[in-house]
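For the record, the sequence lines run as chains A and B. Letter by letter, the first sequence follows residues 253 to 402 in the working numbering. Letter by letter, the second sequence follows residues 437 to 797 in the working numbering.
Read the hints as simulated data drawn from the structure, not as lab findings. Some clues are possibly wrong.
Unchecked claim - List of simulated lysine-lysine pairs, DSS-like, C-alpha gap at most 25 Å:
no., chain 1, residue 1, chain 2, residue 2
1, B, K532, B, K634
2, B, K545, B, K532
3, B, K533, B, K545
4, A, K343, B, K737
5, B, K737, A, K362
6, B, K668, B, K634
This structure is a prediction, so every number in the text was calculated from the model and none was measured.
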Amino acid sequence: MQQAIPYKSWPLPLHTNTGHTQQSFTLLNDMTNQSLVSPKAVLKPTEDMLSMVSESAVIVFARRGCCMGHVVRRLLLGLGVNPALYEVDEKDEGAVIKELELIRNGKDGKVQFPAVFIGGSLFGGLDRVMATHISGDLIPILKDAGALWL
Amino acid sequence: MNSPSAQFVTSRRIGVYDPIHQIGMWGENFKSNSNLNASASLIVEDVKLDSQSEDASHGTEGPSNQYDQEATKPTDKVQRRLAQNREAARKSRLRKKAYVQQLETSRLKLIQLEQELERARQQGLYIGGGLDAGHLGFSGTVNSGITTFEMEYGHWMEEQNRQICDLRNALNAHITDTELRMLVESGMNHYFELFRMKATATRADVFYMMSGMWKTSAERFFLWIGGVRPSKLLKVLGPQLEPMTEQQSSDVFNLEHSCQQAEDALSQGMERLQQTLADTVAAGQLSEGSCNRQMTNAMEKLEALMAFVEQADHIRQETLQQMSRILTIRQAARGLLAMGEYFQRLRALSSLWATRPREPA
């Protein structure tokens, strides 16, 4: 049996400046309608999005009530992963996307909802999750990130 | 003494003996066609008017008697009546000409429709109720995106049948792996082409795609979000790929499993969409003015449906790709042949079922 990897083992990403961090802090304070479903990662609304991303093995950012976000979650749950969930209200979409693009950690391209972060970096959307799972590569990646162990 | 109608007939010189009755008959025959009905009733009206004017000219006994007794004496009234007769005759001929032309075009249209119907029946396509997009034009609206798709699908099917034939011949003839590879790649690309066509058509009419309307009835029995369920297909066709190595068998088994999980996740998302859509449509029934807002909300939910069809096709395509990675070229060729033949048989089954002799009611 593998040992569970503790959450804070990844270095925080370095490319956000303090000015922006403060801005995101304010934004998070304004988002009063956040709901986080996973009992594993109870993230308080005031927490910085950066640490949210880095502290979760898997976190899904999705529009509130979006069915595709639901699909991603159900797929991950079906694999035995318990992803953290950040539900985004329509009015906050633009801001959250901007945040995520900064946290991206090296991946190119636009961030779209639902957005899945594995092991602290942006993995991709539903397309990539599906394709990776069918090619059999998703479970090893999840194991590496400590989201799964068996 | 000539009756007015007899004079009317004489002046027309066409041997139509009872114009009002005749036109009434024409009207009855084409009651279903609103265009023809309109013109038929116009004709009836015109004829009535002309008869009335003729009756008016025959109203008094005097002029007609004069005409009878002094047939060779041209009076003003006689002249006028003759002119009116000529005019009526001319109008009548023109109307008849227009009517016959309309009949001809309708006849051509009917022949065309019958041919289409026959063609479609042969392909086992579903035609009938439930076509709310009305893409066949019966309800008057034509969805060109779907019409295009159906046409392209017809061509796709012809090409597919050719490829199946080629594969069968190639495998029987024991051609080289290199040549076989070309056939396999064509086969794969052909399916990718179908997914592209489906993506475009989904934007035209998502309900049409969801219901698999372009497929035959037996194919639709197995429908899952606008197409086949990949994991089921793998299970059905898997045995035909034997012999496989241990690694291959294990890989195929894992693929079936992953596929199943992906499908389940998508199905659950679909159920959720149905639930929220139903809730949206049912909501706020007691408050006035909420209907529009409801409908707007419902419309937004329906937009999400397109993403489901897209994602289902994505799963199908990725599964196909993964199989091509697991199998050898020869196995892949056998797999494509097996899959192609499987669907051909389903289509044949649909035709057989549709044309089976039925017991009289």
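Each hint, compared with the structure:
no., hint, in the structure
1, B:K532 with B:K634, "49 Å, violated"
2, B:K545 with B:K532, "20 Å, holds"
3, B:K533 with B:K545, "19 Å, holds"
4, A:K343 with B:K737, "18 Å, holds"
5, B:K737 with A:K362, "24 Å, holds"
6, B:K668 with B:K634, "21 Å, holds"
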